[in-house]
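I would like the entire structure built from these sequences, with the hints used as guidance.
The chain contents come next:
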Amino acid sequence: MQGGPAEKNASWMEQPTISKSNVEGTGENRIEANNKNHKRMVEKARMIVLPVIAGILFIVLWELRFFHTIFQLETYQLPLPSAILEALLANMSTLISYTGYTLTEAVVGMLLGSSLGFIVALVATAWPKWGKGSLTVVASLNAVPIVALAPIMNLWFGSGIGSRIAIVTIMTMAAMAINAYKGMNNVHPFALDLMHSYAATKFEIFKFLRIFNSLPYVFTALKINATASMIGAIVGEFFFSSRGLGYLLSNSIKIGRMPLGWACIIMAAIAGILFYFIVERLEKVFLKWHASERT
Amino acid sequence: MAVAKVFTPEIELEEVSMRFQTDKTEVLALDNVSVAIQKGEFVSLLGPSGCGKTTLLRIMADLIQPTWGEIKVAGKTAKEARLAQKYGIVFQSPVLYDWRKVKDNITLPLEMMGTKKSERESRVDHLLELVGLKKFKDKYPWQLSGGMQQRVAIARALAMEPEILLMDEPFSALDEFSRERLNEELLSIWSKVNNTVVFVTHSITEAIFLSDRIFVLSPHPGRLSSVVEVPLPRPRTADMRQSPDFYELISRIRNLFEGV
Amino acid sequence: MAVAKVFTPEIELEEVSMRFQTDKTEVLALDNVSVAIQKGEFVSLLGPSGCGKTTLLRIMADLIQPTWGEIKVAGKTAKEARLAQKYGIVFQSPVLYDWRKVKDNITLPLEMMGTKKSERESRVDHLLELVGLKKFKDKYPWQLSGGMQQRVAIARALAMEPEILLMDEPFSALDEFSRERLNEELLSIWSKVNNTVVFVTHSITEAIFLSDRIFVLSPHPGRLSSVVEVPLPRPRTADMRQSPDFYELISRIRNLFEGV
Amino acid sequence: MKNRGPLQRWAQKITWIFGILIIWEICSWLLLNVFQVRLAQSKLPYIHKLIETLTSYWGTLFSEGWVTFANASIGFAAGASAGILLAILMSSSRWIEQLTFPYAVASQMIPILGLAPIVYGIVRDVQLARILIAGYITFFPVAMNVLRGLRSAEPTAMELMHSYAAKPWTVYWKLKFPAALPGLFSGLKIAAPLAVTGAILVELMGASNGLGVIMLRNLYYGPSHIYMFWLTVILGALLGILSYFIITIIERLVTPWQPEFRSLGGDD
Amino acid sequence: GEEETSSEELTPVSIQLKWVPQAQFAGYFVALENGYYEEEGLDVTIVPGGPDIVPEQQVANGSVDIGVNWVASLLAHRDEGFPLVQISQIYQNSGLVLVSYKEDGIASPADFAGRTVGNWMGGNEFEVLALFDKYGLDPYSDLEFSSQGFTMDQFFTGDIEVASAMTYNEFQVVLAEGVSEDELVVFDMNEEGVAMLQDNLFVNSEWIEENKEVAAKFVRASIKGWQSAIEDQEAAVDAVMNAVEEGSSDREHQVKMMEEVAKLVAPDGFDPANIGMIDDAMFKQTADIALEFGVITEAADLDASYTHEIMEMVTE
Ligand SMILES: Nc1ncnc2c1ncn2[C@@H]1O[C@H](COP(=O)(O)OP(=O)(O)OP(=O)(O)O)[C@@H](O)[C@H]1O
Ligand SMILES: Nc1ncnc2c1ncn2[C@@H]1O[C@H](COP(=O)(O)OP(=O)(O)OP(=O)(O)O)[C@@H](O)[C@H]1O
Ligand SMILES: Cc1ncc(C[n+]2csc(CCO)c2C)c(N)n1
Ligand SMILES: [Mg+2]
Ligand SMILES: [Mg+2]
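Protein chains in written order, with the working numbering: chain A, 1 to 295; chain B, 1001 to 1260; chain C, 2001 to 2260; chain D, 3001 to 3268; chain E, 4001 to 4316.
Hints may be right or wrong, so weigh each one.
[Said to hold, decoys possible] Footprint (simulated), chain D over chain C, 3 or more residues, beta carbon under 8 Å:
no., segment
1, 2057-2065
2, 2075-2087
3, 2105-2119
[As the list claims (entries may be wrong)] As a list, the in silico SDA-like pairs of lysine to any residue whose alpha-carbon atoms are at most 25 Å apart:
no., chain 1, residue 1, chain 2, residue 2
4, D, K3167, C, Q2085
5, B, K1117, A, T201
6, B, K1101, A, G133
7, B, K1101, A, V123
8, A, K44, A, K288
9, B, K1079, A, K44
10, C, K2139, D, P3155
11, D, K3013, A, V123
12, C, K2024, D, P3155
13, A, K132, D, W3024
14, B, K1072, B, D1212
15, B, K1117, A, H196
16, D, K3049, D, F3035
17, E, K4134, E, E4298
18, B, K1117, B, D1212
19, B, K1192, B, R1241
20, A, K207, A, S97
21, A, K284, B, D1104
[What the hints assert, rightly or not] A few chain A residues facing chain E, derived, Cβ under 7 Å:
no., residue
22, W62
23, L155
24, W156
25, F157
26, S241
27, N251
28, G256
These aren't lab readings, by the way, just hints derived from the structure by calculation.
Note that beta-carbon positions come from the ideal geometry of N, C-alpha and C, so glycine has one too.
Here's what the structure looks like:
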């Protein structure tokens, strides 16, 4: 019964040739492959070159007072890049150590906040009846500005690094909680049915389905949080800190040292972009399978 | 009909009705359906598109609860049966997890049942062979053709050798040859594992070739219009498809349809 | 073969090959396929699962570009044809937009072509009637059964009366009766509109019943293995299915398959 | 059968509210009397004291809160529109995205303190400057979420559009936007409370009305004003909840087709 | 109707406060309330300050016409090229003190060594730095010179042992918390000889060229406001309270603040008629300290930093 016809038709079930791309292939093939590689390289190069060119153009226009002219600004309001560079070089060691300090607050706070936010989303998904309220509570914390948060956190955690980490933690929780919740719940009903058919426990549904389904949303939240955490740390330093980019920035601006203030902003931007792109790299690795990443 | 089998009802539906309600309108998808499926039996559901076959399957699997009526599986409630991991289901669409490669989609139920890794790997190789996708084990679902995706879903359902196998048009995306071959493979697995199979299909020949009994549903609302016993002996062989009995059954069922 | 028709090639593929490349491996989905499809012709593609039928269709529709080879549609490039809105496509899966009700999914192509609202409404009613979904016009796609969703997709493709109609297993989720009925409807629409149809199916009888010519593809890699002309006269009628010519064609094609 | 009665849903909300209040009051008592920490009331004031203060100042709080909420709405509208626009721009071509993205990220590193004088310097109109600043605070989460949404339209759904030779604008309108709506709403849910933050921050820059103004002043006048300060914080949070709820309701109305909101029929 | 027509003829002038409305700025509120500005033909808008507001920026931008801030801050901005010039000196003494709990055993600034000393920084720290210098303390190694928020919480919790306080505000906050003056040690910048001038009025140096008359009118009315404020402090507090949102400050606190502010604007023995005059010697001391502690990089050009011209027009 099984033997005969099945074997005879077995070839039908076989599939088109699959080959290791580097092993065989005609000359034409290789050129084509090289072309593709080349294209990818060009694409990558463009990703870096374009913004850099735009950046240089921007800086040149800035230095040539283009923006000053059209917006009627004076250099004491918006210093020239050369002045900023000067301030940057003159204060390099302080700036680097402060950047490290602020980045530490941002990263630690962001990791803490994102984890907590993710847990809130887990709870809200697992026990929607009661857990959904926690989502609202976390979201509402977003409405408390840092100026109010700073003194409270300062009281609770002292003037040290702890209070800024706490500020960043609170600031980053909501984005993660809301996004992760959406990701865990925007599951295709059939995919859930499959889990139910295996009598999957709540935990297993998370492990095999919801977590993965939420990843695109989670990474979006991480990208938002990477930037939010830097702002949080910087503004958190305005009031109670004796170190860090925010402290220096606030002080510089209050005594009119705009070049040094902008040097702080430049350092913050570099650190923030670095932080952001690390998260983006991770996203590319973890989301190979997602529609947005397919080629 | 498999004469040797003792009648122990495995799936019993009593006066089951299902009503879908949306804002303004409601659809009566199933109306007063009563069936009893024997343990180890192979049953097919036939019926026009939208008559409630999928709904019936979903009720059997405890994925939805009927609006009215009772359902018993192996003497227990459907929920208990589901929690005892008795079910293997092939859905009407493949329902593969995008983030899992082909092989990982197939091992999913095994992972959930705690099968050891080495065992999983040998099992997956065998299943991939069965559905002819050996070379595609490391691909992601979107890199497969529609029929290939459906075959992955079939392999996944077979992976756990479920006591109750519910299949919703599993072979509809396959060419006739693959389909016939998989029909035979399915029967061979079934005869070995001796599980209960409920099989939805639109192909009358397929239903006859595979089943002990065929349930014909009529639409609007979904009702069980008739039950046809298939008196062909087991094991079924390809040449039975050409037998007069087979043809006679085909035309009988076609007539049943037209009478609807 | 439809003798009366003048041969003006509508779709011409010359030595088309398609290679899918992923990280490490590559799949040669189509290898050196050349076909010429006449204007107003009804052509079917037959072939085992994963042999490249969908890929071929997507190349014809300019949804993907072949790795090598040329494609001309009505003397122009495929892209130009696509931009001229010549295509109506039924995909292998329904591809309905979740946020649109059934009727809005069907009017989608009409909206895109700027058809007036009143006209759209009368058209949609007629199409819903055709596919038997009149009562479901205000439902969302997820409230439909699999076959019903597929029928919506068919209605959507027919809505715009495209010059070139590409259909990828459109009727595979339908019961035999709906299928046969829609086969006939399709032919009647085709004979009225006189468009070019490329039709993918796994059913040999369906291919014969509908087509002027049948292209048989073989896997390993996807190649055009043979072209079968269907000499049945038009209009085709249901009783032709029982004719000896029909049976002869079936077995000829089955043999072609086995010879692969 | 399926829907639990509204009574029960209210019961949940009330339990949440009272749960938080009771735990708060207990913690406050513990800090003050058991652990006897310094400034215990500043760290976590008694709820009943807050209510006492509220009874005498609810008028001010309400009117200032309203001012802030109105400002937040304007800032939110500005920020959300900017976010959506940016997302569309970036999704329209990789080229534009590569160009703008690093700068969009960098822009977020400029603290408003540094920005305010420049914005005032450029636009000179204080009200407009405020809207710009509030928008700037809210646009990023919206942009990110919408961008992800625009990108995640199913490839086959995109192919359908291509087969109609749809113009880019039509592809957006008919496919990408609807597909991005769930993302948009996630973004808006993050942005709405943020807009309240933004409004309050902006009020610190020389406004004479609004929650931010009394928040700051009460803080500055020392621990004797602590209850009033905390009330402003709580009111801010409540405004956040309110704005969050408004978005949630709109989401339900606009996107009933999301799996979350589908009624599955049976007694699920 | 009547008011509208008259206000059309009024010249609009705006003043940016250094901080939130309070008795620190009583003179302007009184002048507004009593119609002194209107009498001079001015329509004055008082713009409140806050933690993120830098009055020098606002004045330089042209967002406002006149600013109130400390002289050190003004010098620092001028040093960076901001086109600003001082036209009047309202506070004659420094209101800055350092406070510590007596029980901490800090009897003299020399005892700061090894302690945490707090200040708000951002331009407010120079008197304290000068004090350190006077006692030979290096703020980077001998003690911890730490940022202080605009609350006194860090002082109450012990985070900061020596806290900065304005006599009119933070110091009153400490007292209001039930700490009696006997429990505190207070270091006064004026007594230590390191005082710098504080609240002054300054303008954009380009603006003033065209608006000397307006500035003089404004200063004249403001001084009149300060004189009445010092004379009738109750009424002054009323005027302030009118400008303050209900629930954001209490009268008692503002009364105390008014008392203290009066001592700074018109110290003992100072003729209230001279309010607003710029004392050359005191300004020089401020500028010298500023140079010594790096507030400014070059010695201030005193002639360009302030002008007596407006005050002369006022007193004419
Ligand atoms: N995006 C892709 N990436 C990689 N491989 C692909 C991709 N799309 C298709 N393929 C491969 O191309 C081959 C042909 O696929 P295609 O979908 O054309 O098959 P088909 O003939 O339509 O099959 P079926 O009848 O199952 O639908 C398959 O082997 C498939 O794995
Ligand atoms: N979630 C739902 N909400 C509303 N109506 C539904 C829902 N699911 C199914 N239905 C309706 O129930 C009826 C039966 O659907 P079902 O999917 O069981 O049909 P089927 O027999 O499987 O059809 P097909 O052969 O086309 O798959 C249909 O009319 C469908 O519209
Ligand atoms: C961020 C910041 N925090 C606190 C103060 C404190 N301060 C010093 S003097 C003064 C009264 C106004 O002259 C105030 C409030 C500040 N200036 N900046
Ligand atoms: Mg079905
Ligand atoms: Mg296909």
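Against the structure, the hints come out as follows:
1. Against chain D, the segment 2057-2065 of chain C contributes 4 residues with a C-beta closer than 8 Å to a partner C-beta. That satisfies the three-residue criterion, and the hint holds.
2. Counting residues of the segment 2075-2087 of chain C whose CB lies closer than 8 Å to any CB of chain D gives 5, so the stated coverage by that chain holds, three being the minimum.
3. With 5 residues bearing a CB less than 8 Å from a CB of chain D, the segment 2105-2119 of chain C meets the requirement of three and the coverage assertion stands.
4. A distance of roughly 11 Å separates the Cα atoms of D:K3167 and C:Q2085; the hinted pair therefore holds under the 25 Å criterion.
5. Distance check on the hinted pair: B:K1117 and A:T201 sit about 21 Å apart at the alpha-carbon level, within 25 Å; holds.
6. In summary, the hint linking B:K1101 to A:G133 is not supported, as the alpha carbons are separated by about 37 Å, beyond the 25 Å threshold.
7. With a CA separation close to 29 Å, the supplied pair B:K1101 and A:V123 exceeds the 25 Å bound.
8. Among the hinted pairs, A:K44 with A:K288 is consistent with the structure: their alpha-carbon atoms are about 17 Å apart, no more than 25 Å.
9. A C-alpha spacing of about 53 Å is found between B:K1079 and A:K44, which places the hinted pair above 25 Å, so the restraint is violated.
10. Between C:K2139 and D:P3155, the direct Cα distance comes to roughly 24 Å. Compliance with the 25 Å bound is thereby established for this hinted pair.
11. The hinted pair formed by D:K3013 and A:V123 meets the criterion: a straight-line CA distance of about 16 Å does not exceed 25 Å.
12. Taking the CA atoms of C:K2024 and D:P3155, the gap is about 22 Å. The hint holds against a cut of 25 Å.
13. Distance hint between A:K132 and D:W3024 is fulfilled; the C-alpha atoms sit about 20 Å from each other, no more than 25 Å.
14. Between B:K1072 and B:D1212 the CA atoms are separated by roughly 21 Å; this keeps the pair inside 25 Å, and the hint holds.
15. The suggested pairing of B:K1117 with A:H196 holds, with an alpha-carbon distance near 23 Å, which does not exceed 25 Å.
16. Restraint check for D:K3049 and D:F3035: satisfied, since their Cα atoms lie roughly 19 Å apart, inside the 25 Å limit.
17. Between E:K4134 and E:E4298 the alpha-carbon distance is near 21 Å, which keeps this suggested pair within the 25 Å criterion.
18. A threshold of 25 Å between alpha carbons decides the hint, and for B:K1117 with B:D1212 the separation of about 36 Å lies outside it, so the pair is violated.
19. Between B:K1192 and B:R1241 the CA atoms are separated by roughly 22 Å; this keeps the pair inside 25 Å, and the hint holds.
20. Distance restraint check for A:K207 and A:S97: the Cα-Cα separation of roughly 41 Å exceeds the 25 Å cut-off, and the hinted pair is therefore not satisfied.
21. In summary, the hint linking A:K284 to B:D1104 is supported, as the alpha carbons are separated by about 20 Å, within the 25 Å threshold.
22. A hinted interface residue such as A:W62 counts as satisfied when its beta carbon comes closer than 7 Å to some beta carbon of chain E; here the least separation is about 17 Å, so the hint is violated.
23. At a threshold of 7 Å, the smallest CB-CB gap from A:L155 to chain E is about 6 Å, leaving the interface hint in force.
24. Checking A:W156 against chain E: minimum C-beta separation of about 10 Å lies over 7 Å; hint violated.
25. Of the supplied interface hints, the one on A:F157 is violated, with its beta-carbon coming no nearer than about 11 Å to a beta-carbon of chain E, more than 7 Å.
26. Checking A:S241 against chain E by beta carbon gives a least distance of about 6 Å; that is within 7 Å, so the hint holds.
27. Proximity of A:N251 to chain E holds as hinted, the smallest CB-CB distance being about 5 Å (cut-off 7 Å).
28. Because the beta carbon of A:G256 sits about 4 Å from the nearest beta carbon in chain E, less than 7 Å, this interface hint is met.
Taken one by one, the earlier hints fail for this structure at numbers 6, 7, 9, 18, 20, 22, 24 and 25, listed in ascending order.
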